[in-house]
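Trainee: What follows is each chain in one-letter form.
Number of protein chains: 2
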Amino acid sequence: MEPHFERVTIIGAGLLGASLGLALKARGLADYIVGVGRRPASLDAALRVGAVDSVSMDARAAAEGADLIVICTPAALVERQLDEVRPVCSAQAVVTDVASTKQAVCGHAARTWPSPRRFVGSHPMAGSEKFGPEHGRADLYENSVCLVESGAGLDEEARQRVAALWTAVGATVFEIDPARHDALLARTSHIPHVLAAGIATLAARHGDVRRMIGQGYRDMTRIAASRPEVWRDICLTNRNAMLDGIREFQEYLAAFARAIEEGDAGALDALFSEANRARRATVDE
Amino acid sequence: MEPHFERVTIIGAGLLGASLGLALKARGLADYIVGVGRRPASLDAALRVGAVDSVSMDARAAAEGADLIVICTPAALVERQLDEVRPVCSAQAVVTDVASTKQAVCGHAARTWPSPRRFVGSHPMAGSEKFGPEHGRADLYENSVCLVESGAGLDEEARQRVAALWTAVGATVFEIDPARHDALLARTSHIPHVLAAGIATLAARHGDVRRMIGQGYRDMTRIAASRPEVWRDICLTNRNAMLDGIREFQEYLAAFARAIEEGDAGALDALFSEANRARRATVDE
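Going down the list, the sequences are from chains Z and C. Residue numbers for the first sequence follow the numbering used here, so the first one is 1 and each next one is one higher. Residue numbers for the second sequence follow the numbering used here, so the first one is 1 and each next one is one higher.
Warning: the hint list may mix true and false statements.
[Said to hold, decoys possible] Some chain Z residues judged to face chain C by a derived CB distance under 8 Å, without partners named:
#, residue
1, 7
2, 54
3, 131
4, 150
5, 153
6, 157
7, 246
8, 257
9, 261
10, 278
[Stated by the list, open to error] Reference listing, derived: stretches of chain Z covered by chain C, where coverage requires no fewer than 3 residues with Cβ under 8 Å from a Cβ of chain C:
#, stretch
11, 189-201
12, 206-212
[What the hints assert, rightly or not] To give an idea of the chain Z side of the interface with chain C (calculated C-beta under 8 Å), a few residues:
#, residue
13, 43
14, 50
15, 113
16, 232
17, 271
18, 273
19, 281
20, 283
Honestly, the hints are just simulated from the structure, not real lab data. Beta carbons are placed, not taken as given, at the ideal position from N, Cα and C, and that holds for glycine.
Generate the whole structure from the sequences, applying the supplied hints.
Mentor: And the structure:
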């Protein structure tokens with residue numbers, strides 16, 4: 001069943017927050033939406049595109065009386081926003097976020113939130129290199145995947161309501177434990193961002209390569225154009241999985257270098273063949 | 001001025017060879033094209049799609065009397081084909097190849113070919129994950145870049161004729177020294193392939209990630225679906241640049257890991273910001 005919210009507070013009026021506001025309004029899922037931000041220009045833009053009904057620079061005041069609070073700030077600021085709104089949340093309020101790393105945020109909530117917990121972490125896997133409320137789209141979450149926190153200590157009704165929220169705006173919801181989320185996302189998204197950064201950086205350091213790039217380079221460096229502060233925060237909030245994953249990658253590269261150094265055609269065949277199978281096993285295309 | 005060839009021999013009837021045959025025919029640039037291969041099924045397919053006028057399994061016989069010979073075999077087989085056709089090349093014949101690495105092939109030709117050399121290496125940066133003559137397309141080289149060997153010892157008329165060939169089928173030609181070609185391509189293409197392989201391999205080894213992949217993973221692993229034997233050969237024929245480039249990448253990852261380990265937000269900002277600028281400096285989009 002479609003969820004309905006009387007008063008929604010969206011903290012952080014960027015691409016994800018504004019798109020959520022637009023999606024809720026387009027589907028008639030919310031009566032009134034307040035947008036909270038720190039920059040008046042962003043708040044004005046969120047109002048102008050119709051993502052929110054009013055704006056505020058005071059998260060705590062805006063969260064009072066809300067039955068849904070969605071924290072859409074960068075990952076590193078979510079914990080502070082949780083502390084800010086927790087004292088004013090009503091017993092009926094459901095709270096979630098959109099950060100790309102979940103262990104830090106959900107761990108903080110687990111330590112500080114009343115039990116059973118009505119903050120349930122989310123990671124909608126949507127977005128683009130564009131940012132800011134002016135790029136908000138009511139269909140941003142359509143056909144996307146949203147990973148929603150699972151585990152002990154959560155209020156079951158709140159968990160279902162958060163899942164219903166994302167389903168209602170078009171996402172397919174999967175439940176996942178925060179630690180496993182961060183370990184897997186490090187491999188599928190966070191470390192690939194570091195690698196994309198490395199490809200672009202080392203190519204540019206090497207000389208003028210503009211004439212020598214093909215589609216592979218374009219595809220593999222596209223996400224290097226993402227916002228530095230977003231990925232800085234993701235690295236900082238997913239520290240252990242990032243360090244483990246980078247170590248794995250270093251070992252993988254060492255095996256490749258060894259095969260090349262020794263001219264070992266069989267080993268190279270095996271490495272590329274495993275990759276070929278792995279690509280097919282992980283992507284339905 | 002458009003070049004014209006009376007008799008073209010294309011050795012290797014795969015995607016690149018068949019597409020070249022189709023492109024020459026579509027533009028009326030060749031009177032007669034012979035396709036050479038080792039597998040009857042591929043030769044039949046090349047004939048069927050109209051990429052060649054006749055087929056042969058004997059490269060030497062097919063090359064005799066040709067005024068253009070294009071070696072379209074995998075990189076590791078080009079040197080052998082050069083040895084095969086060299087004794088029968090007429091004084092007027094122009095010879096080129098399409099291998100993605102150039103130092104091994106061009107170095108071999110420099111050591112074995114009569115001077116001034118009428119073998120001039122090419123690297124048309126076109127193709128796809130598809131392969132085989134049945135995927136050949138007359139427009140494969142349109143709007144692509146083709147890197148053509150430059151340097152001492154080349155026959156100037158042959159060099160111009162090879163450049164004119166690729167220009168005539170729609171490519172933009174840039175000249176480049178083979179050593180510099182391999183060093184740059186290692187950074188823009190060959191090492192990115194190894195990294196794409198690593199992303200897919202390590203993600204699949206880590207567990208079932210199918211539900212947790214986004215557009216970044218799709219883009220960054222697309223080339224992991226390439227043919228293992230092609231990339232094995234590229235690694236083997238671009239050994240030194242690959243080893244240097246992988247070592248650079250290891251150092252880059254170590255710097256990233258250090259910044260994460262130390263929680264150094266400033267260092268992470270600087271790394272991602274440099275990548276952002278590097279992406280914009282290397283890709284016109």
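Trainee: With reference to the structure, classify each hint as holding or not holding.
Mentor: Checked hints:
1. 7: Check failed: Cβ of residue 7 of chain Z comes no nearer than 31 Å to chain C, outside 8 Å.
2. 54: With Cβ-Cβ at 32 Å, over 8 Å, it is violated.
3. 131: Violated - the Cβ of residue 131 of chain Z stays beyond 8 Å from chain C, reaching only about 13 Å at its closest.
4. 150: Since chain C brings no Cβ nearer than about 13 Å to residue 150 of chain Z, farther than 8 Å, the hint is violated.
5. 153: With a closest approach of 23 Å, the residue 153 of chain Z hint is violated.
6. 157: Since the shortest Cβ distance to chain C is 24 Å, the answer is violated.
7. 246: At about 5 Å, which falls below the 8 Å cut-off, the nearest Cβ of chain C leaves the hint on residue 246 of chain Z intact, so it holds.
8. 257: holds (5 Å)
9. 261: At 6 Å from the nearest chain C Cβ, residue 261 of chain Z passes the 8 Å test, so the hint holds.
10. 278: With a minimum Cβ separation of about 4 Å from chain C (threshold 8 Å), the hint on residue 278 of chain Z holds.
11. 189-201: Answer holds; 12 residues pass the 8 Å Cβ test.
12. 206-212: With 6 residues close enough to chain C, the hint holds.
13. 43: violated (25 Å)
14. 50: violated (26 Å)
15. 113: For residue 113 of chain Z, the interface hint is violated, since the closest Cβ of chain C sits about 25 Å away, which is over 8 Å.
16. 232: holds (4 Å)
17. 271: holds (6 Å)
18. 273: Holds, because the Cβ-Cβ distance from residue 273 of chain Z to chain C comes to roughly 5 Å (cut-off 8 Å).
19. 281: holds (5 Å)
20. 283: holds (6 Å)
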